[in-house]
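Use the sequences and the hints to build the structure in full.
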Amino acid sequence: MLQAVALSCTRGERQLFSDVNITVKPGTLLAVLGENGSGKTSLLRILSSLLSPDDGAILWQGQNIRQLKEQYCAQLTYIGHLNGVKDDLTPIENLMVAASVTGDHSSGALVQEALEAVGLKPEVHRLPTRVLSQGQKRRVALARLWLSIRPLWLLDEPFTSLDTAATGLVTERLRLHLQQGGMAVVVTHQEVALPPDAVQRLRLTA
Amino acid sequence: MNQPGMWDALRGVVRRDLLLAMRRRSDVAMSVFFLVIVASLFPLGVGPEPAVLRTIAAGVLWVAALLACLLSLSRVFTADYLDGVLEQMLLIAQPLPVLVVGKVFAHWVTSGLPVVLLSPLLGLQFGLEGEALGVLVLSLLLGTPTLSMIGAIGAALVLGVRGSGLLVALLVLPLYVPVLIFGAGAVTSSLAGVGGEANLSLLGACLALSLFFAPWATAAALRIALE
Amino acid sequence: MNFMGLNWSKYSAPQAFYPLAGSMIPWFAAVATLAITVGLYIGLLVAPTDFQQGDSYRIIFVHVPAAWMSMFLYVIMAVWAGLGLGLKARLSFMMSQAIAPTGAMFTFLALLTGAMWGKPTWGSWWVWDARLTSELILLFQYAGVMLLRTSIDDLRRADRASGVFVLVGVVNVPIIYFSVRWWNTLHQGASVSMTAAPKMAAMMLTAMLLMTFGFWMYSIAVVLARARCVILEREQLPSWSKPSSMPEVAEAR
Chain A
76 MLQAVALSCT
86 RGERQLFSDV
96 NITVKPGTLL
106 AVLGENGSGK
116 TSLLRILSSL
126 LSPDDGAILW
136 QGQNIRQLKE
146 QYCAQLTYIG
156 HLNGVKDDLT
166 PIENLMVAAS
176 VTGDHSSGAL
186 VQEALEAVGL
196 KPEVHRLPTR
206 VLSQGQKRRV
216 ALARLWLSIR
226 PLWLLDEPFT
236 SLDTAATGLV
246 TERLRLHLQQ
256 GGMAVVVTHQ
266 EVALPPDAVQ
276 RLRLTA
Chain B
8 MNQPGMWDAL
18 RGVVRRDLLL
28 AMRRRSDVAM
38 SVFFLVIVAS
48 LFPLGVGPEP
58 AVLRTIAAGV
68 LWVAALLACL
78 LSLSRVFTAD
88 YLDGVLEQML
98 LIAQPLPVLV
108 VGKVFAHWVT
118 SGLPVVLLSP
128 LLGLQFGLEG
138 EALGVLVLSL
148 LLGTPTLSMI
158 GAIGAALVLG
168 VRGSGLLVAL
178 LVLPLYVPVL
188 IFGAGAVTSS
198 LAGVGGEANL
208 SLLGACLALS
218 LFFAPWATAA
228 ALRIALE
Chain C
343 MNFMGLNWSK
353 YSAPQAFYPL
363 AGSMIPWFAA
373 VATLAITVGL
383 YIGLLVAPTD
393 FQQGDSYRII
403 FVHVPAAWMS
413 MFLYVIMAVW
423 AGLGLGLKAR
433 LSFMMSQAIA
443 PTGAMFTFLA
453 LLTGAMWGKP
463 TWGSWWVWDA
473 RLTSELILLF
483 QYAGVMLLRT
493 SIDDLRRADR
503 ASGVFVLVGV
513 VNVPIIYFSV
523 RWWNTLHQGA
533 SVSMTAAPKM
543 AAMMLTAMLL
553 MTFGFWMYSI
563 AVVLARARCV
573 ILEREQLPSW
583 SKPSSMPEVA
593 EAR
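Chains A, B and C are the protein sequences, given in the same order. If you want the numbering used here, it's the 1-based position in the first sequence plus 75. If you want the numbering used here, it's the 1-based position in the second sequence plus 7. If you want the numbering used here, it's the 1-based position in the third sequence plus 342.
Derived from the structure by calculation, the hints contain no laboratory data. Warning: the hint list may mix true and false statements.
Said to hold, decoys possible - Quick look at which bits of chain C chain B covers, simulated, 3 or more residues with Cβ under 8 angstroms:
1) 474-487
2) 500-512
As the list claims (entries may be wrong) - Just a sample of chain C residues kept apart from chain B, beta carbon distances all over 10 angstroms, derived:
3) M366
4) P368
5) V380
6) Y383
Claimed, not checked - Cβ-Cβ distance ranges computed for the label pairs, FRET-style:
7) A:D162 / B:L124: 27 to 33 angstroms
8) B:E204 / C:Y519: 31 to 37 angstroms
9) C:G428 / A:D163: 39 to 45 angstroms
By construction, the Cβ of each residue, glycine as well, lies at the ideal position given by its N, Cα and C atoms.
The following block contains the structure:
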């Protein structure tokens, strides 16, 4: 279970939000909504421990993530605005190297399955990522969700650049993840097509 | 801290960077060509007198190696910073300093190692022979990893900052000076008949110190840059 | 934190520190003026002429204290930077920021007076003596600290990045300090050492210590004044006005 208590954040000269409290229970997804500049990405980065809040604490299974440090990182998968994908490597190489670095060992077969599951045809798997379209690159980034066995997913506008088909595939994967007891915090502009009792909403106003 | 996981992560980081370097061999070639060009400028500017060249050889070659390393620093973290791979590295469940050592090692293989391998040829061009040549190679072998480690701190501090090319030079060059002095001094002492051991052991000490402390500083700088 | 019966920790807030600094500055400035005046008087007029270097040696009364200050101030700047990084205290970073220009000034003064000493003594304006060269490196480090800070737009990142750099650079200070000894061992008989002055007459020593003390007082006064400017500049930013707050929507259950 992920909890955030009295979070506040100042970026540059603006205070983005203060006294935000969150509880995400297993099997639920928290959708973070709000206008541009309202602090959604900052909130997600705080939850992922990339950014430290001005005030407040984040608790994972009751423990402060500042004490857990690397143990907390082992529990989450974070996909931000940037894809985290090298242009000079092929999608298969990208995912295999990323998996070996993070410790989620994946075989070539599993990686190919993941790429197909996110809608990338096999012909594309061995091309350098440089020649793929934005939408295809985003799919490569999101393919990590099919390889991830971690309970907490933090996704920043995952549906950007995706067409309807891909959006459907990712949403379905999310639904499966929640069904298995996972949690997710998703920053999004659009409504996530999931059962209403699995979704909470947090709206940040600028 | 998971021991086997740590080694796997380190290997993975090194493997990724070396794979990328193989795909962009021109980057490595550029370091090599730069070193040769800069080293060649001095005889052209100073005159081809063998005695003069032998005197300035140590300094010139060391400064050229230093500049080659400095110019390649933008390759250490910038690409990863721009495409989001660096962000992911900060979220890996292994100590960041260990991953930094991996990145810097891969960077050294593509920028420092070619310098070390090329140095005997350049040394000969400047009239260095025998023991002095050996000391030159050894000094660069000990010194270039140190330069990479210290340079990584600077590279991490200026990630995404405008004017970072010049700024990193200004930040890093004062820290390079001791290494330069010991490195060039080793060769000069060897030429003078005193033997380069004292300077070489100081170089070794610098390497050990930098291996110990620079990864921590670099990791701190990376976290600051990615907030 | 209680020391001498005063609660010092309340001064860790910039707003409280501002008036405290303001009240301390005139005292330090007065003592500085007195010490430097007396020190210069003794050094320039009263101390005996050196039998080797004549009267040109008198520049030592500015050069040596300035060089010492340049190194001390760097270390103190590093201490404040370390405190800032460790305690995440804004005021510590502001103090570090305030020290840099004064440290750079003393380094420049040491270099200038070093050159002025060099001309009559060795016949050239610049000598690659270990001490002078290391002062030059220190000047570059000060410049790097200040440039790094101004190059980064985000205040928080600028504070922390220059803090890390200052701490990394502190490693160079002992190397610089000991380079005088090492250089003489590695380069036998290379250059004249500026510190190999004969046993100083009591007057000379007094003048030197007075000047050092005076420079210390001057530094404190100037750094406090600059810190006040920094506080004014930074604490007037809009983030200190009333923050906008976020209403929270209850779970849609």
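To see whether the hints hold, each was checked on the structure:
1. 474-487: This one holds; 6 residues, not fewer than the three required, reach chain B with a Cβ under 8 angstroms.
2. 500-512: Answer holds; 7 residues pass the 8 angstroms Cβ test.
3. M366: Holds, because the least Cβ-Cβ distance between M366 (chain C) and chain B comes to about 32 angstroms, which exceeds 10 angstroms.
4. P368: For P368 (chain C), whose nearest Cβ neighbour in chain B is about 36 angstroms away, the distance exceeds 10 angstroms, so it holds.
5. V380: At roughly 36 angstroms from the nearest Cβ of chain B, V380 (chain C) sits farther out than 10 angstroms, so the non-interface label holds.
6. Y383: It holds; Y383 (chain C) is separated from chain B by about 37 angstroms at its closest Cβ, greater than 10 angstroms.
7. A:D162 / B:L124: 27 to 33 angstroms: Check passed, 29 angstroms falls within 27 to 33 angstroms.
8. B:E204 / C:Y519: 31 to 37 angstroms: With a Cβ separation near 24 angstroms, E204 (chain B) and Y519 (chain C) fall outside 31 to 37 angstroms, so the hint is violated.
9. C:G428 / A:D163: 39 to 45 angstroms: holds (40 angstroms)
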